[in-house]
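Keeping the supplied structure of chain A fixed, place chain B upon it in accordance with the hints.
Here's the letter readout for the chains.
Number of protein chains: 2
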Amino acid sequence: MSDPRETGLVLDPKYDAAGLVTAVVTDAATGEVLMLAHMNADALAATLATGEATFWSRSRARLWKKGETSGNILRVVEARIDCDQDAVWLIVEPAGPACHTGARSCFYRRIAPGGLAPVA
Amino acid sequence: MSDPRETGLVLDPKYDAAGLVTAVVTDAATGEVLMLAHMNADALAATLATGEATFWSRSRARLWKKGETSGNILRVVEARIDCDQDAVWLIVEPAGPACHTGARSCFYRRIAPGGLAPVA
Chain A
1 MSDPRETGLV LDPKYDAAGL VTAVVTDAAT GEVLMLAHMN ADALAATLAT
51 GEATFWSRSR ARLWKKGETS GNILRVVEAR IDCDQDAVWL IVEPAGPACH
101 TGARSCFYRR IAPGGLAPVA
Chain B
1 MSDPRETGLV LDPKYDAAGL VTAVVTDAAT GEVLMLAHMN ADALAATLAT
51 GEATFWSRSR ARLWKKGETS GNILRVVEAR IDCDQDAVWL IVEPAGPACH
101 TGARSCFYRR IAPGGLAPVA
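In order, the protein sequence lines correspond to chains A and B.
Position one of the first sequence corresponds to residue 1 (the UniProt record's numbering), numbered consecutively onward.
Position one of the second sequence corresponds to residue 1 (the UniProt record's numbering), numbered consecutively onward.
Here chain A stands alone, though its shape is the one from the complex:
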């Protein structure tokens, strides 16, 4: 594979038609997936500059620093990017619940036969 985006060491995000990449956030201490969100170039730049996860809110059409109102910021320990540079993985230390429902993670239900079931 000779695609420099895949093999190289240049940050060159492949934004989609809406100007976004997907971001997955995991807890540095537990490895748990906390949430998925989206980033435009400004959100990625803000995240890297401040060390605090900042996304693009598609519903509100504006930059959204996670925790800006709740205080539950996500401090970025490490940021990784995937092979084709259209997805970012943030390894974070969360200041509180990551989910707007108050759950530690947005993934608080597993898919079980016939429906969903709560996870611990």
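If you are wondering where the hints come from, they were derived from the structure by calculation, not from laboratory data.
These numbers come from a predicted model, not from an experiment.
Glycine included, C-beta positions come from ideal geometry on N, C-alpha and C.
Take the hints with a grain of salt, since some may be wrong.
To spell it out: a stretch of chain B is covered by chain A in this simulated footprint if at least three of its residues, at any positions, have a beta carbon under 8 Å from a beta carbon of chain A; those stretches are [unchecked claim]:
1) 7 to 16
2) 21 to 29
3) 33 to 46
4) 73 to 81
5) 89 to 102
6) 109 to 116
Frame of chain A, contents of chain B only:
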């Protein structure tokens, strides 16, 4: 929050305009994020029915069972869904490298000052 999609135990994925949800895949043994991909309703149904991760390939516009050619299937140990049901988390046992580049994970580079750096 009284939205039954968020609080209930009914599987009711919120597909986007293209009919897709995002799927994040982690290694059951290590917790490492292996890859991100997309699923339409058929891909999610196939994944749940077979216990082997199946996605929708946007580039090829067809169902894509991970490992169908490489043999590197992803056996699903548990599937979770997020608060608004537009993202799925698959916890898997990978039969081999998850990335088409041959890397264990697609996230083989971290974002460092001035560029990217390989991760172990």
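Self-check item: Numbered hints the structure breaks, given as an ascending list
Solution: none
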